[in-house]
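Residues per chain are reported as follows:
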Amino acid sequence: EAQVTQNPRYLITVTGKKLTVTCSQNMNHEYMSWYRQDPGLGLRQIYYSMNVEVTDKGDVPEGYKVSRKEKRNFPLILESPSPNQTSLYFCASSLFWSDNEQFFGPGTRLTVL
Amino acid sequence: GENVEQHPSTLSVQEGDSAVIKCTYSDSASNYFPWYKQELGKRPQLIIDIRSNVGEKKDQRIAVTLNKTAKHFSLHITETQPEDSAVYFCAASRDWRQGNLIFGKGTKLSVKP
Chain A
13 EAQVTQNPRY LITVTGKKLT VTCSQNMNHE YMSWYRQDPG LGLRQIYYSM
63 NVEVTDKGDV PEGYKVSRKE KRNFPLILES PSPNQTSLYF CASSLFWSDN
113 EQFFGPGTRL TVL
Chain B
4 GENVEQHPST LSVQEGDSAV IKCTYSDSAS NYFPWYKQEL GKRPQLIIDI
54 RSNVGEKKDQ RIAVTLNKTA KHFSLHITET QPEDSAVYFC AASRDWRQGN
104 LIFGKGTKLS VKP
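These protein sequence lines are chains A and B, in that order.
The numbering used here numbers the first residue of the first sequence as 13 and each following residue consecutively.
The numbering used here numbers the first residue of the second sequence as 4 and each following residue consecutively.
Extracted from the complex, chain B is given alone in its bound form (with noise of 0.2 Å):
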């Protein structure tokens, strides 16, 4: 079945620098990436995701970009600010035949004033 590593696993900026976290999957038949953000003692919600026919999505300050060949796709955060402190969870699965949605284990962003 489908695997997905996250990296790092914890990650510390300074407020103004950019953040990036890296997934990787094993499933090539996986096609669609979805990104969560999850605040302390909040639920997750989704904050970005980009399918297979496309190479980057954009939304305001959040990027990310997906690399099919090698299996990876990353999650890019510019300008960071304190309110973007929280845990981020990759996500990979198939199409939509099959609900099975597997998670990276999250990276814990602390953005440091």
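Isolated chain A, as found in the complex (with noise of 0.2 Å):
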């Protein structure tokens, strides 16, 4: 089956313990994105990568570190969280960027004490 998986899907941590959200896609996609979600802010762009070792900075980096080592994987790492970071994380991938759907993965609930 096509998806897009993350992981974990909840997570309570504290303040300065480094953690790292996983996503994986199966369906050979270049591009591959994470987004956070606030209440009243929409989806707000992290960073996005158009293939292998190739990473940009989107609307809301500080705090977040990225790597693209293979096709299918993109970590999302906080180095330090704060709780400033509470949010609802989405991982997304497309096969081209503009011409194709964005598939979302099911969202990974952060919570920073």
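Source of the hints: derived by calculation from the structure; they are not laboratory data.
Beta carbons: idealized from backbone N, C-alpha and C, even for Gly.
It is possible that some hints are incorrect.
Pairwise CB distance ranges (calculated) [to be verified]:
| id | chain 1 | residue 1 | chain 2 | residue 2 | range |
| --- | --- | --- | --- | --- | --- |
| 1 | B | E8 | A | E13 | 21 to 29 Å |
| 2 | A | V66 | B | G58 | 29 to 37 Å |
| 3 | B | Q17 | A | P118 | 28 to 36 Å |
| 4 | A | D68 | B | P116 | 41 to 49 Å |
| 5 | B | K71 | A | L125 | 42 to 50 Å |
| 6 | A | N85 | B | L49 | 21 to 29 Å |
| 7 | B | S15 | A | L53 | 19 to 27 Å |
| 8 | A | R121 | B | E8 | 21 to 29 Å |
Make one complex out of these two single chains by using the hints.
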């Protein structure tokens, strides 16, 4: 089944404790992206990747890191999480950036205490 | 950078009526405009998109119109049904060389039976 998976789906952590949210797609998509969703603010792009070893900042990259060492995986790293990073995170992928639908993962709800 | 404004933030209609959601964008170089629907507790899913070389696109009860001169685009849903109740997001981006997708803040549509 073609899909985007994220792990974990729910995470409660404490300020400063490094964490990684994994994202994997099995559709051989070139493009992958991370978004955060906050009430009243909609979806905001954190980082995106046009292909392996190519990553770029979105609108809200501060406090986040990403890597794209393989086509299928695009992990999101929070080196030192803070409470303002409490949010719902979505990973998405598409075959080509501008002409195809972005397929979203199920989301990861992160709480930073 | 690009800024996307979406109105209204909430919209309530009677079943069978039409619903219209409007978005304006600031970057005249934007040329791809997707609309995503997010049901409660679920991931966003693409419902329709339009490119700048097209003025209107329809898919059954859903249509999108684009006015490049005025830099606005709209989602039209006719003969609304209760299952249309969801949050709708518009978005805008430049060409495939820039993978930065900017979303509006969303419109919560409620269709009353």
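Broken hints, by number: Structure breaks hint 1 only.
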